[in-house]
Amino acid sequence: MTAFLRSAESVTLPPARIDRSSPVPLHHQVATWLEGLIVDQTLLDGARLTNEIDLAAELGVSRPTMRRALAHLVGRGLLVRRRGVGTTVRTPPVGRAPTLRSMHQDIVDRGATPRTTVLVCEPRPAEGMVAEALGVAPETSVTWIERVRHADEEPVAILHNAIPADVARLDGTDLETHGLYDLLGRARCVPHTARDVLSARAATAAEARLLGEPRRAPLLVVHRTTWNARGRAVEYAVHHFRARTHRVETTIGALGGAI
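Taking my numbering, the leading residue of the sequence shown gets 1, the next gets one more, and so forth.
Simulated from the structure, these hints should not be mistaken for laboratory data.
Watch out, some of these pointers could steer you wrong.
[Stated by the list, open to error] Label pairs and their in silico Cβ distance ranges:
no. : residue 1 : residue 2 : range
1   : LEU119    : ASP45     : 21 to 29 Å
2   : PRO123    : ARG83     : 50 to 58 Å
3   : ASN51     : PRO123    : 51 to 59 Å
4   : HIS223    : ASP182    : 17 to 25 Å
Every value quoted in this text rests on a predicted model; they were computed, and no experiment measured them.
Ideal placement from N, C-alpha and C gives every residue a C-beta, glycine not left out.
Using the sequences plus the hints, can you model the full thing?
Laid out in structure tokens, this is it:
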């Protein structure tokens, strides 16, 4: 089956398993099949679906059934419909709860394969906001790290971190295969609490190139300061996430107990 296109290249798909004797509605079976192809990246982000009529004919279902299946996936955020463009695939975002976990582990838990490109890992003098956030004197030595994080080979974030040099000895090779918090834990410096400040801005040309986005694409920016159990600042970070592949999950309780 070649029911999908990305640019000018057709993509051959495995046959859909539609069981007409099953109590599961046909539109749900079709939606589940398509979702599986998106999650395992048989269908890549940006893949364009053919029109509803042709797709229904290839799968052997009615047009209303196909329409309901596609509408379900649009509601799930896995497909996007745009006038003049049609229906395209959207890769599931990397969901992150506000907890002290490595993004490396978040990607693994999602069922994807993490990969890290280390751009910089070197000693530098702390200056300006870095020194202020870490509570150290200017010119104090820190390890400055710049990385690009990938999920199943797709770039999802640019990560900048400053770690006081006396907190842990960090190596670029280790950072390619392990999360930073895992390495800090091995150095007996377990992150305990953190403060995040979230904002949004447009990507620079360099950031867009690293993330495979058009220039001025929206980015979610997170400034983080992390402390250990003794109250010492052990990390200052600025992370830049692709807005369309990232979400932040927050649970909010009522003030003062029951409403």
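Now the hints, each set against the structure:
1. LEU119 to ASP45: 21 to 29 Å: Holds: the Cβ-Cβ distance is about 23 Å, inside 21 to 29 Å.
2. PRO123 to ARG83: 50 to 58 Å: holds, 53 Å
3. ASN51 to PRO123: 51 to 59 Å: Since ASN51 and PRO123 have Cβ atoms about 57 Å apart, the given range 51 to 59 Å holds.
4. HIS223 to ASP182: 17 to 25 Å: This hint holds: roughly 22 Å between Cβ atoms.
Violation of the numbered hints given earlier is absent; every hint is satisfied by the structure.
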